[in-house]
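*Asks:* Residue numbers (our numbering), protein chains in the order written: chain W, 1 to 115; chain S, 1 to 108.
There's no promise every hint is true.
Below, computed lysine to any residue pairings styled on SDA-like, alpha-carbon distance capped at 20 Å [said to hold, decoys possible]:
1) S:K81 x S:V106
2) S:K95 x W:S95
3) S:K95 x W:G59
4) W:K11 x S:G40
5) S:K57 x W:E103
6) S:K68 x S:D5
7) S:K57 x S:M80
8) S:K95 x S:N3
9) W:K11 x W:V114
10) S:K95 x W:P98
11) S:K95 x W:K11
12) S:K57 x W:K11
13) W:K14 x W:D86
14) S:K76 x S:T11
15) S:K76 x W:V19
16) S:K95 x S:L46
17) W:K57 x W:S31
18) S:K81 x S:F45
19) S:K95 x W:V114
20) S:K95 x W:E44
21) S:K76 x S:S61
22) S:K95 x W:T113
23) W:K57 x S:S97
24) S:K95 x W:S31
25) S:K81 x S:I17
26) W:K11 x W:T113
27) W:K11 x W:G101
28) S:K95 x W:K14
29) S:K95 x W:E103
30) W:K78 x W:P98
31) S:K95 x W:Q41
32) S:K95 x W:G101
33) S:K95 x W:D18
Calculated directly from the structure, the hints in this document are not laboratory data.
So you can see what is in the structure, the chains are spelled out below.
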Amino acid sequence: GAGVSQSPRYKVAKRGQDVALRCDPISGHVSLFWYQQALGQGPEFLTYFQNEAQLDKSGLPSDRFFAERPEGSVSTLKIQRTQQEDSAVYLCASSLFPGQGYEQYFGPGTRLTVT
Amino acid sequence: GQNIDQPTEMTATEGAIVQINCTYQTSGFNGLFWYQQHAGEAPTFLSYNVLDGLEEKGRFSSFLSRSKGYSYLLLKELQMKDSASYLCAVKYDYKLSFGAGTTVTVRA
């Protein structure tokens with residue numbers, strides 16, 4: 001079956017531009033996560049959705065970052081007025097349920113470069 | 001983060017064994033995952049431990065000691081395709097906290 005997909009795979013933005021990154025999770029997966037991965041580092045948690053509810057946004061680095069999942073499936077991560085420090089790979093992951101033992105399946109990521 | 005510590009790099013020869021250690025903060029522990037990540041690709045699931053002991057899955061095994069806050073991933077009969085970054089990830093409640101990853105290079 002289809003895995004987690006993300007688009008675009010690569011995005012170059014000029015500093016100050018807004019960007020929108022899309023995630024299509026595995027069908028039926030309740031939980032959806034966004035992570036930011038800097039070069040040579042592990043993924044860092046940004047935000048978590050259970051169905052359409054955003055239950056945790058403690059990892060969002062600033063109020064320029066906004067995420068939504070209005071119908072409990074596709075999610076969009078929006079970054080307003082991009083800065084150079086926003087350059088990273090943004091990973092989306094989904095899992096069937098949030099409980100113990102349910103692994104997270106990752107998408108291929110969107111590599112954002114802010115020039 | 002939750003102080004997930006793992007070595008930065010390891011090098012081994014094809015056919016050999018490599019052990020990647022991971023230590024973590026024990027408070028709130030809810031399971032430990034190992035992921036493999038090739039450059040430019042998504043992390044892919046390798047193993048999951050929630051109880052103490054060894055989980056074996058073909059050439060890969062993972063061990064957990066909850067009281068010590070310690071896990072290792074054992075890669076046996078190394079192949080060139082095993083060259084990748086290996087990420088230790090600890091689940092606290094519903095969230096995963098990742099280590100920085102261990103880059104394993106397999107030499108012929």
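*Asks:* Compare the structure with each hint and give your call.
*Replies:* Hints versus structure:
A distance of roughly 8 Å separates the Cα atoms of S:K81 and S:V106; the hinted pair therefore holds under the 20 Å criterion. For the suggested pair S:K95 and W:S95, the alpha carbons sit about 11 Å apart, so the restraint of at most 20 Å is met. For a cut-off of 20 Å, the pair hint linking S:K95 to W:G59 stands: about 11 Å separates their Cα positions. Distance check on the hinted pair: W:K11 and S:G40 sit about 14 Å apart at the alpha-carbon level, within 20 Å; holds.
Distance restraint check for S:K57 and W:E103: the Cα-Cα separation of roughly 16 Å lies within the 20 Å cut-off, and the hinted pair is therefore satisfied. Taken as a hint, the S:K68 and S:D5 pair is honoured in the structure, with Cα atoms around 13 Å apart against an allowance of 20 Å. Under the criterion of a C-alpha separation no larger than 20 Å, the hint pairing S:K57 with S:M80 is consistent with the structure, at around 19 Å. Between the alpha carbons of S:K95 and S:N3 the distance comes to roughly 14 Å, so the proposed pair stays at or under 20 Å and holds.
Of the pairs offered as hints, the one joining W:K11 and W:V114 holds, with about 8 Å between alpha carbons and a cut-off of 20 Å not exceeded. Distance check on the hinted pair: S:K95 and W:P98 sit about 9 Å apart at the alpha-carbon level, within 20 Å; holds. A threshold of 20 Å between alpha carbons decides the hint, and for S:K95 with W:K11 the separation of about 27 Å lies outside it, so the pair is violated. For a cut-off of 20 Å, the pair hint linking S:K57 to W:K11 is broken: about 37 Å separates their Cα positions.
Under the criterion of a C-alpha separation no larger than 20 Å, the hint pairing W:K14 with W:D86 is consistent with the structure, at around 11 Å. Of the pairs offered as hints, the one joining S:K76 and S:T11 holds, with about 13 Å between alpha carbons and a cut-off of 20 Å not exceeded. A threshold of 20 Å between alpha carbons decides the hint, and for S:K76 with W:V19 the separation of about 43 Å lies outside it, so the pair is violated. Distance hint between S:K95 and S:L46 is fulfilled; the C-alpha atoms sit about 18 Å from each other, no more than 20 Å.
Distance restraint check for W:K57 and W:S31: the Cα-Cα separation of roughly 14 Å lies within the 20 Å cut-off, and the hinted pair is therefore satisfied. The hinted pair formed by S:K81 and S:F45 meets the criterion: a straight-line CA distance of about 16 Å does not exceed 20 Å. Under the criterion of a C-alpha separation no larger than 20 Å, the hint pairing S:K95 with W:V114 is inconsistent with the structure, at around 28 Å. Taking the CA atoms of S:K95 and W:E44, the gap is near 10 Å; set against the 20 Å cutoff, the hint holds.
Pair hint S:K76 plus S:S61 holds up; C-alpha atoms about 8 Å apart against a cutoff of 20 Å. With a C-alpha separation of about 26 Å, the suggested pair S:K95 and W:T113 falls outside the 20 Å cut-off, and the hint is violated. Taking the CA atoms of W:K57 and S:S97, the gap is about 15 Å. The hint holds against a cut of 20 Å. A hinted pair counts as satisfied when its Cα atoms are at most 20 Å apart, and S:K95 with W:S31 qualifies at roughly 11 Å.
A C-alpha spacing of about 14 Å is found between S:K81 and S:I17, which places the hinted pair at or below 20 Å, so the restraint holds. About 6 Å separates the Cα atoms of W:K11 and W:T113, which keeps this hinted pair within 20 Å; it holds. Among the hinted pairs, W:K11 with W:G101 is inconsistent with the structure: their alpha-carbon atoms are about 34 Å apart, more than 20 Å. For the suggested pair S:K95 and W:K14, the alpha carbons sit about 32 Å apart, so the restraint of at most 20 Å is broken.
At most 20 Å may separate the alpha-carbon atoms for a hinted pair to count; S:K95 and W:E103 meet this at roughly 11 Å. For the proposed pair W:K78 and W:P98, the alpha carbon gap of about 24 Å is over 20 Å, so the pair is violated. As the CA atoms of S:K95 and W:Q41 are separated by approximately 17 Å, the hinted pair is consistent with the 20 Å bound. Between S:K95 and W:G101 the CA atoms are separated by roughly 12 Å; this keeps the pair inside 20 Å, and the hint holds.
A C-alpha spacing of about 27 Å is found between S:K95 and W:D18, which places the hinted pair above 20 Å, so the restraint is violated.
Hint compliance for this structure: hints 11, 12, 15, 19, 22, 27, 28, 30 and 33 are broken, all remaining hints hold.
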